[in-house]
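**Q** Based on the hints, put chain B in the right spot on chain A.
Residue numbers (this note's numbering), protein chains in the order written: chain A, 324 to 592; chain B, 8 to 223.
Just so you know, these hints were derived from the structure itself, not from any lab.
For every residue, glycine included, the Cβ atom is placed at its ideal position computed from N, Cα and C.
Don't take every hint at face value.
Covered, in the sense of this in silico footprint (three residues per stretch, anywhere, with C-beta under 8 Å from a C-beta of chain B), are these stretches of chain A [claimed, not checked]:
#1 361 to 374
#2 442 to 456
#3 547 to 554
Below, each chain spelled out in residue letters.
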Amino acid sequence: MIAEHIPDLDLITSCAERQDSVFSRASPWTKLILLILIVLTITLTSNLFILSALYALILLCCIAAGLPMKKIIAWYAMPVIFVLSLVGILVWTEPGVPLFTIPLGVFDLTLTDQGVILVVTLLIKALISVTFSLFFLMTTKYAHFSAMVSRLFPSPLDQVFLLAYRFLFLTLAMAASLLKAVRSRGGGLIRSIQVQGRLFAGIFGLVFIRSFERAERVEKAMVARGYNGSLSANTKIPGPGIAGYFLICAGCSAVLLILWISPHAAGWW
Amino acid sequence: MAHIHLEDGAFSLTWVLVWWLLALVCIGIALWILRSKGHKDTGRITIAAFVTATAFALFQVNIPLFGGVHLNLTPLVGILAGPVLGSLVVLVINILSAAIGHGGWGLVGANVLVNLAEVLVAWAVFRGSHTFIPDLFSRAGIATFAGLFCGNLIMIGIILISGVQGVTQSPGQVLAGLSLIVAVNMGVAVIEAIISGLIVRYIGNARPDLLGEQKQ
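In isolation and in its complexed conformation, chain A is listed as follows (with noise of 0.2 Å):
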């Protein structure tokens, strides 16, 4: 692991190939149809009380599937951040009661009841969309994730995301053991710009040209092993269940109503 806030890739991988759970044997399918409709429904409404729903529910699913909840809330660290750095400049004068000013001179800043709402609302809509990517990449086998990259985007797209996704754990690999010698011999503490930075752009120069040389090598096996630029995963992915399907048009059904109660969310004019 490199960073605390960074969710972790290795432990994701590992939860969804450990997990026995009724959320990692629903099919991926399934999930993935899911996880559209939430983006969908988040892009749709802005009515708090839908979002804090089903921010709850997809919390309560989190912990029926025994995710790590201690590990996804420290890695809320920066969706928040985002939203903070870029909503948070925006949300001042909004119109609404307003709760503080900052006099600043020239101009005024103004806090009110309708930007704390606002912030309030994007950071539920975003933290929505990360547990429920975390939640379904926590539940879904490495190689159903890997067999839907095969069937779903085209050739060569598939094949760098299929390599990419495997060289990625090298990687990481890679470039926490090089971190991990440079912080043994004192790299860690914090000296001038410019010693600093010719280290860890030797760092990343190191990786990448390591990384070249993998792939030469990682090529020139697998063309002797056959490889054309064709690699298809056959794993059977599970279809939905009649569960399943009802859960989708649950969701469906669920975006149409909002759409339908309020087509301006859309954005059409």
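**A** Just chain B, lined up with the frame of chain A:
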């Protein structure tokens, strides 16, 4: 790094679909160029996969400068992989990023367009200035900064055109707010340009063939 750090639900459905469609058209063109060569170049596919994995893995490294900086390395992807393979690399990186909460699924299309601008501009500046800027560090640094600058312009354009759902500020007010983010982004772009310059010089010394250069 120039990236639309907005999560799902920020853009309306119309704009989510518009940016996704534009991004898919760009990716479609890249795929058409690759397929038009007739045979599958296994070497280029493998290298593209490794560049994807490396760029995504290195994005996760926190560089202890100015309190911690993450680099997205898309201009470096453009310099190393070129615009065609680079297009595929940025799509895969953005999908993997969305999966771990770095930008929303609906924003993948917009982010691909921003990153494509970075890849294209960095590649064009790096290759185009070969004759009058022979020094690899300077050339890669300038190319990276130019790429990130253009990426930032595209990012502002996309946000101004799409608007953020729920924000009632006028375009002028939004632009003023975004200017602050652009200023921070360009500060990070200077760091990324220096580090990318150093990386390219390091690669140029060890493996100049990877850059299409002769050993100096």
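**Q** Hints first: check each against the structure and report whether it holds.
**A** Hints and how they fare:
1. 361 to 374: Since 6 is at least three, the answer is holds.
2. 442 to 456: holds (count 8)
3. 547 to 554: holds (count 4)
Hint check: no violations occur; every hint is consistent with the structure.
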